[in-house]
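Quick mapping for you: the protein sequence lines, in order, are chains P and S.
Residue 1 is where the first sequence starts when you use the numbering used here, and the numbers rise one by one after that.
Residue 1001 is where the second sequence starts when you use the numbering used here, and the numbers rise one by one after that.
Bear in mind the hints are in silico, worked out from the structure with no lab data behind them.
Possibly wrong hints are sitting among the right ones.
Per the computed footprint, the stretches of chain S lying under chain P, defined by three or more beta-carbons under 8 Å from a beta-carbon of chain P, are [claimed, not checked]:
# : stretch
1 : 1057-1069
2 : 1133-1145
Residues from chain P that keep clear of chain S, each with C-beta distances beyond 10 Å, as calculated [as the list claims (entries may be wrong)]:
# : residue
3 : Ser-5
4 : Asp-7
5 : Thr-35
6 : His-57
Heads up, incomplete: computed chain S residues facing chain P, CB under 8 Å, no partners named [what the hints assert, rightly or not]:
# : residue
7 : Thr-1113
8 : Trp-1125
9 : Thr-1229
In this text, a Cβ means the ideal position worked out from N, Cα and C, and glycines have one as well.
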Amino acid sequence: MIWESWDAFWAMGGYGPYVWGSYGVVLLCIAIEITSARAAHGASVQSVRAVQEETDHDTTP
Amino acid sequence: MENFKIRWFQWAAPQSFYPLAGRLWPFFGVIAAVLALAALYLGFFVAPTDFQQGEGYRIIFVHVPASWMSMVIYLAMAFWAFLGFTFNTRLSGMMTQALAPTGAMFTFLSLWTGALWGKPMWGAWWVWDARLTSELILFFLYMGYIALTSAIDDPRRADRAGGLLALVGAVNVPIIYFSVKWWNTLHQGASVSVTKGSSMAQTMLWAMLLMALAFWAYSIAMALYRVRTIILVRERHTQWVQEVAA
């Protein structure tokens, strides 16, 4: 362990806000990207189902 | 050789690429997570304090990999756009589009982490030097690509217009990379170079390279995931997509 305490770790020698501001936003962006990609995929599956229902409806006499 | 050639074009059909991408993305996702954890451990618990920049230098472990990916992804987009123009394959345009959001994200992160590094070290969040300005232009190119392709309703026309922007914009990538050599920039020169090796401590270098590989795997996973979404939307009227979704 190169840190004397967890407090020292979070303080980052006085650079804490800059270091954690960087890593925090990286994590946030990745979380947002994954969430929105999943939502988009769900919506695309829905759009396929919508086409399916349309064609089902058309073929019913 | 003939077989090999046929196989490559076979994967270029959305119908056969869709299940392949579905099997591959979780694999790259797991690799990304494992490498990122290893990089964070090395970067925060093994790499020593920098004698000049103290603990503030630890931003490098995300700043440099994010900047590399911002350029690599744009070149990958230009590559797919080129394939699209050459072979007129449908998948090429879809891959170009699937890569763009992740590339834009890494470009934003490069600028953001750069600002948070610049403030304590240079005393400024932003300066209009060649490296920073050309990276900002890259961000606008990504945004322009996304806006252009989403503004055109016909997917094939959107692919062609976007592909042209991806190809022309690729000129900016070597400008970013060599800007620190060509102009007198406030931004420092490369710490890692193909010709001269590295000027960094071994553990620092490893943490940075592992994170770069993690971002690389993450980008591949995201592109493969997103291309499946694009395939479903574009081919939703085809028989095979209807069967997949059923």
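Hint by hint, here is what the structure shows:
Evaluation of the coverage hint for the stretch 1057-1069 of chain S: fulfilled, as 5 residues show C-beta separations to chain P shorter than 8 Å, against a requirement of three. Under the rule that three or more residues need a Cβ within less than 8 Å of chain P, the assignment of the stretch 1133-1145 of chain S is violated, with 0 such residues. For P/Ser-5, the shortest C-beta to C-beta distance to chain S comes to about 13 Å, beyond the 10 Å cut-off, and the non-interface label holds. The Cβ of P/Asp-7 lies farther than 10 Å from every Cβ of chain S, with a closest approach of about 13 Å, so its non-interface assignment holds.
The claim that P/Thr-35 lies off the interface holds: its Cβ sits roughly 12 Å from the closest Cβ of chain S, which is beyond the 10 Å cut-off. For P/His-57, the shortest C-beta to C-beta distance to chain S comes to about 14 Å, beyond the 10 Å cut-off, and the non-interface label holds. Taking 8 Å as the C-beta contact cut-off toward chain P, the hint placing S/Thr-1113 at the interface holds, the least distance being around 4 Å. For S/Trp-1125, the shortest C-beta to C-beta distance to chain P is roughly 11 Å, which exceeds 8 Å, and the interface hint is violated.
Nearest Cβ of chain P to the Cβ of S/Thr-1229: about 5 Å, under the 8 Å cut. The hint holds.
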